[in-house]
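Trainee: Those protein sequence lines, which keep their order, are chains L and X.
For the first sequence, counting from 1, position 118 maps to 118 in my numbering; every step adds exactly one.
For the second sequence, counting from 1, position 314 maps to 314 in my numbering; every step adds exactly one.
Hints were generated in silico from the structure; no laboratory data involved.
Incorrect hints may have been included.
[What the hints assert, rightly or not] Below are the BS3-like pairs computed for lysine-lysine, each with C-alpha atoms no more than 25 Å apart in a straight line: (1) X:Lys336 x X:Lys309; (2) L:Lys66 x X:Lys187; (3) X:Lys356 x L:Lys62; (4) X:Lys143 x X:Lys194; (5) X:Lys187 x X:Lys43; (6) X:Lys530 x X:Lys517; (7) X:Lys459 x X:Lys404; (8) X:Lys43 x X:Lys356; (9) L:Lys62 x X:Lys187; (10) L:Lys66 x X:Lys333; (11) X:Lys38 x X:Lys194; (12) X:Lys43 x X:Lys290; (13) X:Lys41 x X:Lys175; (14) L:Lys66 x X:Lys143; (15) X:Lys514 x X:Lys530; (16) L:Lys72 x X:Lys404; (17) X:Lys350 x X:Lys309; (18) X:Lys517 x L:Lys66; (19) X:Lys350 x L:Lys62; (20) L:Lys72 x X:Lys41; (21) X:Lys187 x L:Lys72; (22) X:Lys168 x X:Lys204; (23) X:Lys333 x X:Lys194; (24) L:Lys72 x X:Lys143.
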Amino acid sequence: MRHIISMLLENEAGALSRVAGLFSARGYNIESLTVAPTEDPTLSRLTLVTSGSDDIIEQITKQLNKLVDVVKLLDLTEGTHIEREMLLIKVTVEGPMREEVKRLVDIFRGRIVDVTEASYVIELTGTSDKLDAFIQAVGGAGILETVRSGVSGIARGERSLRV
Amino acid sequence: MELTGADILVRCLQDEGVEYIFGYPGGAALHIYDALYKQDKVKHILVRHEQGAAHAADGYARSTGRPGVVLVTSGPGVTNTVTGIATAYMDSSPLVILSGQVATSLIGNDAFQEVDAVGITRPCVKHNFLVKDVRDLAATIKKAFYIATTGRPGPVLVDIPKDVTAHKTEYEYPKSVSMRSYNPVTKGHPGQIKRAVDLILAAKQPMFYTGGGVILGEASAALTELVRVLGYPITQTLMGLGAFPATDPRFVGMLGMHGTYEANMAMHECDVLIAVGARFDDRVTGDVSKFCPNARIVHVDIDPSSISKNVPVEIPIVGAAGFVLEEMIKQIKASKKQPDREALAGWWKKIDEWRKLNCLDYDRESQLIKPQFVLEKLYELTAGDAYVTSDVGQHQMWAAQFYKFDRPRRWINSGGLGTMGFGLPAAMGVQMAHPEATVCCVTGEASIQMCIQELSTCKQYDLPIKIVNLNNRYMGMVRQWQEFFYDRRYSHSYMDALPDFVKLAESYGHAGLKIEKPGDVEAALREALKQKDRLVFLDFITDQTENVYPMIVAGKGQNEMHLKPCKAVVPTDRELA
Ligand SMILES: Cc1ncc(C[n+]2csc(CCOP(=O)(O)OP(=O)(O)O)c2C)c(N)n1
Chain L
1 MRHIISMLLE
11 NEAGALSRVA
21 GLFSARGYNI
31 ESLTVAPTED
41 PTLSRLTLVT
51 SGSDDIIEQI
61 TKQLNKLVDV
71 VKLLDLTEGT
81 HIEREMLLIK
91 VTVEGPMREE
101 VKRLVDIFRG
111 RIVDVTEASY
121 VIELTGTSDK
131 LDAFIQAVGG
141 AGILETVRSG
151 VSGIARGERS
161 LRV
Chain X
1 MELTGADILV
11 RCLQDEGVEY
21 IFGYPGGAAL
31 HIYDALYKQD
41 KVKHILVRHE
51 QGAAHAADGY
61 ARSTGRPGVV
71 LVTSGPGVTN
81 TVTGIATAYM
91 DSSPLVILSG
101 QVATSLIGND
111 AFQEVDAVGI
121 TRPCVKHNFL
131 VKDVRDLAAT
141 IKKAFYIATT
151 GRPGPVLVDI
161 PKDVTAHKTE
171 YEYPKSVSMR
181 SYNPVTKGHP
191 GQIKRAVDLI
201 LAAKQPMFYT
211 GGGVILGEAS
221 AALTELVRVL
231 GYPITQTLMG
241 LGAFPATDPR
251 FVGMLGMHGT
261 YEANMAMHEC
271 DVLIAVGARF
281 DDRVTGDVSK
291 FCPNARIVHV
301 DIDPSSISKN
311 VPVEIPIVGA
321 AGFVLEEMIK
331 QIKASKKQPD
341 REALAGWWKK
351 IDEWRKLNCL
361 DYDRESQLIK
371 PQFVLEKLYE
381 LTAGDAYVTS
391 DVGQHQMWAA
401 QFYKFDRPRR
411 WINSGGLGTM
421 GFGLPAAMGV
431 QMAHPEATVC
441 CVTGEASIQM
451 CIQELSTCKQ
461 YDLPIKIVNL
471 NNRYMGMVRQ
481 WQEFFYDRRY
491 SHSYMDALPD
501 FVKLAESYGH
511 AGLKIEKPGD
521 VEAALREALK
531 QKDRLVFLDF
541 ITDQTENVYP
551 MIVAGKGQNE
561 MHLKPCKAVV
571 PTDRELA
């Protein structure tokens, strides 16, 4: 199953490579990984998406918790949560396709953020599924480039990841 | 008064109560060596190869429970320690490794003798640090010792750039550490302990299975009391030997790949398994799908990630072994329920039947020296009271099978990583820590050559280690596998061109003895053990065809052991000459 694991890391040099190294050394897979500082400059927040059986996910969270730089960890998928990812995509658009793609962008509540005679750059935010669906939908237009931020997420309501 | 980083480092070691450090100098560490020169509280032991420093510190740590300290220079100095660090990591041994690094201004420039020490060691340390500012040095050293020695212990490396050792600041050693991201457990969940006790008391065919965690957690006394109160059988892993006395009849021998028949059969048939400080390693479980098929499992471990990693567990208890075992004793003594003595008697009867097979028996009439015989005699003549280190191979398994350890921290071997070359330097650390004790290094002619240079260190510091070399002119364990699984194609496992070990020992200033007949074994051991103040290298020329039994072949179940020695076809020295 797909899991979104979010953690607070000591903002130390090398902390990220400890997390990444753990995954490669133990053969766990990472689908995406994002990391950035928080409002507390001594802490970074790292979100990663991984998948595996319950046993593997249990090992992953135990092993992550064992890393000295990991302050706290939450498996967002264990409760209700909000998941977001951002997509920037550049597509070739000519002739009738210009209108067609614009309509799609509206349906997906995206935005066209750059326009030339031959191309659009589109920005879209949502769950990974939604981004996948959009990429499929615009597939007809020629995709020149895609860039995705990787997933970040936050638990709903009372549940919070804080020290 | 402001001190240099180098002086601060040495003061930290003094304040930490460090008695010995094992090291080797070089450019990036020279300020530190200069600071060491100016004092005499912390004694530096100069090894002959940095791998030896790490193993020696490890031997010191394993035999005392105190952290072992290593000091090396940057680049090749620190890369040479990596095998030793990984060895300590796999067996959860507390080490603090201090490595010199090029100056902060040069880091990342491919400077002379620069390596990314923190990067190279990351997968085999509990934690590591790069100190970039002298003002962080003392606090980092404090943290390093704290992390290395608490929770599940392990090696911690501190990489210190040369300019940091020259810069000055005020020295103050922190009295305590608290880290929001590192809070090792100490106790154990009372509710879980209660559930475990209920299950343990309800068992009909119970079994204790304990490992190195009992020794690391100083829980031998509690374990011994608990097992005796209950009267249950116990087996121990290679790393756990000595935690419970081997001469107590409740001990049924080591388990696993080369464990006893009775231990593995009892594991296979038990209905309640009480695992303490053991990690269900593949050398113990064999095929996990066939492991303890009837057992409900209690697992006590300080490291949550060890629990249910390989084998699902019914009652996990995350906690310090000593605390949990003592709590169990209290509850059992207070409980109205008592073990089912009748069921237990039947269970012991079964076990005694398995025991009758005498699975460790060997040919005592042989005209050649049997390695098992040497170890039996060594046990007898040292009255079971020696510290025994070993290398890796058949000799290691025979030492584990035939030397009956009654006390913890006496049996010192590389179980997790299986590092040949560990035995001699580890023995140095043990002997430094216990100058009056008898320290024996059981080794093979292949393993001993991996760190043989340390014979020179032994001379310099007058370490009267007794080296018991079981010389079969083969990498015996490799040869055994080739005999069993590769149709006797002995590919590159014959040890050709061996040195004359007696002369070699003598050239280092030690004594050497070569023993070729079974009748001479006892006298040679007596002679060596009498020499309290010098190293004796005993070169026993043993039977080349001997194999380690019983054996569970990888992928087989616990009850599928090879027992009967088959007649080996092993080319002898003469045929190979
Ligand atoms: C550094 C290292 N290299 C290779 C091995 C693989 N290995 C395991 S046992 C063994 C043979 C050891 O031979 P010896 O020291 O003579 O002991 P014996 O098995 O003959 O008792 C080898 C090569 C190892 N464990 N460690």
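Trainee: For every hint, state whether the structure bears it out.
Mentor: Against the structure, the hints come out as follows:
1. X:Lys336 x X:Lys309: violated, 34 Å
2. L:Lys66 x X:Lys187: Given pair Lys66 of chain L, Lys187 of chain X holds - Cα atoms ~17 Å apart, limit 25 Å.
3. X:Lys356 x L:Lys62: Distance ~43 Å between Lys356 of chain X and Lys62 of chain L Cα, so the pair is violated.
4. X:Lys143 x X:Lys194: violated, 35 Å
5. X:Lys187 x X:Lys43: violated, 36 Å
6. X:Lys530 x X:Lys517: Within the cut-off at roughly 20 Å; holds.
7. X:Lys459 x X:Lys404: violated, 30 Å
8. X:Lys43 x X:Lys356: violated, 52 Å
9. L:Lys62 x X:Lys187: holds, 18 Å
10. L:Lys66 x X:Lys333: The hint is violated at about 35 Å.
11. X:Lys38 x X:Lys194: violated, 56 Å
12. X:Lys43 x X:Lys290: Violated: Lys43 of chain X and Lys290 of chain X sit about 51 Å apart, past 25 Å.
13. X:Lys41 x X:Lys175: holds, 20 Å
14. L:Lys66 x X:Lys143: holds, 16 Å
15. X:Lys514 x X:Lys530: holds, 17 Å
16. L:Lys72 x X:Lys404: Violated, at about 45 Å.
17. X:Lys350 x X:Lys309: Violated, at about 31 Å.
18. X:Lys517 x L:Lys66: With a Cα-Cα distance of about 53 Å, the restraint between Lys517 of chain X and Lys66 of chain L is violated, given a limit of 25 Å.
19. X:Lys350 x L:Lys62: violated, 39 Å
20. L:Lys72 x X:Lys41: violated, 41 Å
21. X:Lys187 x L:Lys72: Judged against 25 Å, a Cα distance of about 21 Å means the pair holds.
22. X:Lys168 x X:Lys204: Since the Cα atoms of Lys168 of chain X and Lys204 of chain X sit roughly 67 Å apart, the hinted pair is violated (cutoff 25 Å).
23. X:Lys333 x X:Lys194: holds, 13 Å
24. L:Lys72 x X:Lys143: holds, 19 Å
Violated hints, listed in ascending order, are 1, 3, 4, 5, 7, 8, 10, 11, 12, 16, 17, 18, 19, 20, 22; each of the other numbered hints is respected by the structure.
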